[in-house]
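S.K.: Chains as they are written, first to last, in the working numbering: chain Y, 1 to 168; chain X, 1 to 179.
No lab work stands behind these hints: they were computed from the structure. Incorrect hints may have been included.
If you want a taste of the chain Y side facing chain X, the calculated C-beta under 8 Å gives, among others [what the hints assert, rightly or not]: (1) T33; (2) L36; (3) G37; (4) F38; (5) V40; (6) A45; (7) L48; (8) A60; (9) M62; (10) R64.
Coverage of chain Y stretches by chain X, computed from C-beta distances (three or more under 8 Å per stretch; other residues unrestricted) [to be verified]: (11) 50 to 57; (12) 147 to 156.
None of these values were measured; they are calculated from a predicted model. For every residue, glycine included, the Cβ atom is placed at its ideal position computed from N, Cα and C.
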Amino acid sequence: MHFLSSLEHSAFGTWVREAPTIWAYATILFLHTVGLGFVVGVNVAIDLRILGVARQMPLAPMRRLFPWMWAGFIVNALSGIALLIADATTKLANPVFLVKMGFLTLGVVNMAWSKRRLFDDPVALERYPASPHARRVAIVSLILWIGATTAGRLMGYLGPVSGLESLE
Amino acid sequence: MSPTGLIHTGGALQSYAAWVNSTWLHYFAVNYKWVWATMETLHFLGLGLMVGTIGVLDLRLLGFAKGLPVASVQKLVPWGIGAFVLNTLTGIVFLAGAPYQYLYNFAFQMKVIFMVAAGVNVFIFYTGTWPQARAIAPGQAAPWPARIAGAVSLFLWIGVMYWGRMLTFFRPPFVVPPK
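Chain X with its partners taken away, still in its complex shape:
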């Protein structure tokens, strides 16, 4: 794999990155030290909240804490969606602050792919498996499609954390790291 990721410099992506660098959000993200630190903090709090909500539902589908009725655990999911929105917004600030660091970064590209895959898993789960899954009573094991959805979700979100953490180690060589 090329160290600069799947996408090479030049073309539409480069003009996009150049445009991002001209926006007020870019200015905001790089000119106040507290902005980056605050966004990072919120990003990690959102991460924890997502594990505590989506992750707990996944664990229940996999058969842990079986005393929890699945329909009731689902009530945590809106908080997980809130955390996802928070992390998307804070993530956009990072992207605006250092577009070249992310767009040409193999780890960032993988992170986006994993998030899209997690979205597809959510879609399949709620359109296909949910009518069955929501009826899972206390003590009852989830049917296989629901268990697989839980396992896939855990794998993909842990993968999102993995690629997120790898971002700085896959920083494209032509990007000057922030001070």
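Okay, chain Y solo, but in the shape it has when bound:
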């Protein structure tokens, strides 16, 4: 707890939280939102396609969208670390934060491993309906990203409330 508190009161943590400029907390929060859009949005687009939405759309070329998911994830990892440092004692005491981290970790593993491997076999990938394995990967992905987003939002409402005071 002492370590978390010193993290929170470090020059960087204080700057993120208290700097009287739009470029600190507000901008980092904005980046975290755009990153969410890309990592969750593109994952969901691929999941929906696997499950039969927009089935005229070939799946194989969607492989080129992986860098956009990774970019979104990296932006969110970095902005998330900044937001965590600024609020370490509260966030790490909030079970909802740990739930979010759980969903998130599984979501990234599912994306980087199971989903990416589906693209190694473009012929099987284009088969319609998709294989039970591919459908499972897509459904698990949807659950994990919806879970991560929901937990992230609820951190502001449940448990020790995270974020800046009155930031709703």
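Dock chain X against the given chain Y, drawing on the hints supplied.
M.R.: For chain X alone, kept in the frame of chain Y given last:
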């Protein structure tokens, strides 16, 4: 820019805000803690779905994932419209819950302007550019008007996210933040 936005207190807007505060939707939005949290969650899920649908079409027009035929990516757009409707409805709940916080808020006004501009871009794209754009085959680059439409759409929707996130930082000074 005045901290209370482009619009000043008083007049028709003030009576509108006062009326909003008297509606059942306002009561619903502020008297149950779970309502606001649930609407926020849905609003962010809608945000992600919009990026995954409209954003993917924009990226394809800009030349990413060129293996996708444009007409097929268009099939994602109804899901994007669904997400937009979801976000409009959840947004109306926020507005009903705290009309003064939003109506007199520079960031909210900019958010609305950006959404209207995005609507104009959609109109121009589907009435002018679409007949050409829908024929873009796998591997083929989009013509310039379609690329510009994609770039403008990405810029405006990211701008909508920006102004949405700035709302609480531009909260008018006379508004008491929710507990």
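S.K.: All the hints need checking, so say for each whether the structure fits it.
M.R.: Results for each hint:
| no. | hint | in the structure |
| --- | --- | --- |
| 1 | T33 | 5 Å, holds |
| 2 | L36 | 6 Å, holds |
| 3 | G37 | 3 Å, holds |
| 4 | F38 | 6 Å, holds |
| 5 | V40 | 4 Å, holds |
| 6 | A45 | 4 Å, holds |
| 7 | L48 | 7 Å, holds |
| 8 | A60 | 7 Å, holds |
| 9 | M62 | 6 Å, holds |
| 10 | R64 | 4 Å, holds |
| 11 | 50 to 57 | holds (count 5) |
| 12 | 147 to 156 | holds (count 6) |
In this structure, every one of the numbered hints holds.
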